[in-house]
Amino acid sequence: MTDRYVVAIDQGTTSTRCIVFDRRGQLVSLAQQEHKQYFPKPGWVEHDAAEIWRNVERLAPLALRRAGITVDQVAAVGIANQRETTVLWDRRTGVPVGRALVWQDTRTDSLVSVLKEASGAAAVQEAAALPLATYFSGPRIRWILDHTPGLRARAARGEILFGTMETWLIWNLTGGLHVTDVTNASRTNLLDIHTLDWSPSALAFFDIPRAMLPTVHPSIAELGTATAAFPGVRIGAALGDQQAALFGQTCFTPGEAKCTYGTGSFLLLNTGTDLVRSEHGLLTTVAYQIGGAPAVYALEGSIAITGSLVQWFRDQLELIASAPEIETLARTVQDNGGCYIVPAFSGLYAPHWRSEARGVIVGLTSYITKGHLARAVLEATAWQTREVVDAMNADSGLTLKTLKVDGGMTADNLLMQGIADVLDVPVVRPLAAETVSLGAAYAAGLAVGYWPDLEDLRHNWHRAGQWLPAMDPGHRAKEYTNWKRAVERTLDWIQPA
Amino acid sequence: MPGTVQSIERAAAILRMLAGGPGHLALADIARSLDLAKGTVHGILRTLQHVGFVEQDRSSGHYQLGAALLHLGTSYLDINELRSRSINWADPLAARSGEAVRIGTVLEGRVLVVHHVFRPDDTFQTLDIGTLLPLHATALGKVLLAYRAAPLPSSVDGFTRRTVALRDLPAELDRVRENGWAADIEELTLGEAAIAAPIRGYGGLVVGAIGISGRVERLCDSRYKPQARLVGYVRNAARAISRDLGWGVS
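Note that the protein sequences, when read in sequence, are chains A and B.
Going by the numbering used here, the final residue of the first sequence carries number 497, and the count climbs one at a time with no gaps.
Going by the numbering used here, the final residue of the second sequence carries number 747, and the count climbs one at a time with no gaps.
So that you can see chain A by itself, here it is in the shape it has in the complex:
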């Protein structure tokens, strides 16, 4: 019997990767290609969707060759993708309408301000369980339709199609299937979170023609069969990247949570089939849906500035030469020396959502060295995690028992210990570092019966490292109070013009 494998396509913000996994969930081969980032104006971020598809076509055979396997040994393909990035294209020619608007793009700022005041705004936010924000795809579709003459009429006739990245890739992989999955659809402002289908009132509110939207499918189901890149292979899953990481970390039970520590950080808590509406500034999102089973929901807390604070310390302050050196510098001192950094570079995100806040460094005295600043940089990530976890516990009524972590910053030992200390729960790192790709592979393999069930996937998860809380409770409480006082000092900085 020839061995069979599952392939994940991880379409990320800066690069696209094809990764081959075996039955034990171990990485067999990897092929990766970066794509160009376009910044035409301040706050604008664009990708060329055609370039991204060409990369997938090139990476697919490369990944298989590196694994030493042929396409008929691939049991299924799964997709994990950068979320909320918006592509419009011509149904007949397949040519994108301009460039894709990336999730970081804030050009819909003033449009969103207007929409927030429009009648029906409250109902739309209620149905989608999301606030109106530049973060999501709906306003981007509206912006492109508004700014391209004649496009809305063509979209209404079904000549122009919308998709997030997984939709665009599946359309190209299958030669014309126009589908999305519930996790990606739940990031548009357009999905009714209860019916898991497009909300007619949201479409009317945004003035977006239904004819341009893909069909919404479960995340884990046979979404189609590829004719290009992996000809003949079934596409078994599509998930937003953070949801894929939650799945890859095998957080299948309510109360299980993972945090991916990168440039920004994303903490997702599985809340089961109960939809939890946040009263503490978190997002309600679909975690995954397997076939016809009820959807599983999650609460999400996004922290805008974590790894990027270390990059700022490296590139703007030039106090370290490489990101990992932050730990070396931080270990030159015993504590933060009373210094705190709150990186509200573009306002405070979850759970505060204060756009007028700006960053502060407080507690400066002549005693403070760059070592103390390095400590404060790492502690900022730990305390921001604590704030999100507190909000999650309050919203869900669940108490976090363990935090599963992944992402580049898990290499920082001092930070991981610091997170365990301030959360007062164990922090564990899995042996599989590529949790986003692994989640897509798991989901796809599950859909086609390559893996029998969730329990089987759990057996593949192994602990590679664990940090246990070791901070004195009194010290923790005092430091948390200081952090909160530092956060207060960021508020009301930007004054209305």
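Some clues are possibly wrong.
[Stated by the list, open to error] Reference excerpt, derived from the structure (chain B facing chain A, CB under 8 Å, subset only):
| hint | residue |
| --- | --- |
| 1 | Gly563 |
| 2 | Leu567 |
| 3 | Asn577 |
| 4 | Ser581 |
| 5 | Ala592 |
| 6 | Phe615 |
| 7 | Pro617 |
| 8 | Glu669 |
[Claimed, not checked] A few chain B positions that, by computed beta-carbon distances, are all more than 10 Å from chain A:
| hint | residue |
| --- | --- |
| 9 | Ser557 |
| 10 | Arg582 |
| 11 | Leu604 |
| 12 | Ile626 |
| 13 | Pro650 |
| 14 | Glu689 |
| 15 | Cys717 |
The set of hints was computed from the structure by calculation and includes no laboratory data.
Treat the numbers as computed from the prediction; the structure is a model and nothing was measured.
The beta-carbon is built from N, C-alpha and C at its ideal position, and this holds for glycine as well.
Using the hints, position chain B against chain A.
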């Protein structure tokens, strides 16, 4: 002058010029002063920049002496950088071998554990990053000694009756260099064995060691020798990290 390498002479000339001049120079100035093509000088400068001997100012594009020159003689690779760069290879090594993985470097005559991956069996284990181990009684330490990342100790402790004695150490290190890997079999702790291989940076300089450790009956065959399959895994991981650090890449 037979046997001299022209590009090294030129690199030395560039370093002397940067050390003697106004502190920083443009590419064109250096090329003109040395009467060399700009492309040639640029290639040398990029290589010197890669090894840290030269830095380029981001705004002016001028070149100056690099910080690494000031620290010649001390380790050039930050330990947290080493962990960060090797983490993606240490995990698969643990997965394949089924054993705990450690990465070590030298600190004050001992092995400093800079990274540790648990044995993937989900039993209770404690991270021992920051722990110091004896050089002569561990596979990691023997690798570091063999490739001169650490000076030879003048005295050694015996931990078990199999711990290498000082007089046998040179021969043992010769064997390590010959094989390209080291083992310790019940030399630190009874019942425990370990296998390690060198991590190399640019130019082949050994900057650390990576290895697995576990029960002697799992790591060794019936002849009490390290299993070839496991040695292969360790050496492959060491080579992969070395390649990432710029070893063997021109």
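Query raised in the report: Which numbered hints does this structure break?
Result: Going through the list in order, the structure violates hints 1, 2, 8, 10 and 12 and respects the others.
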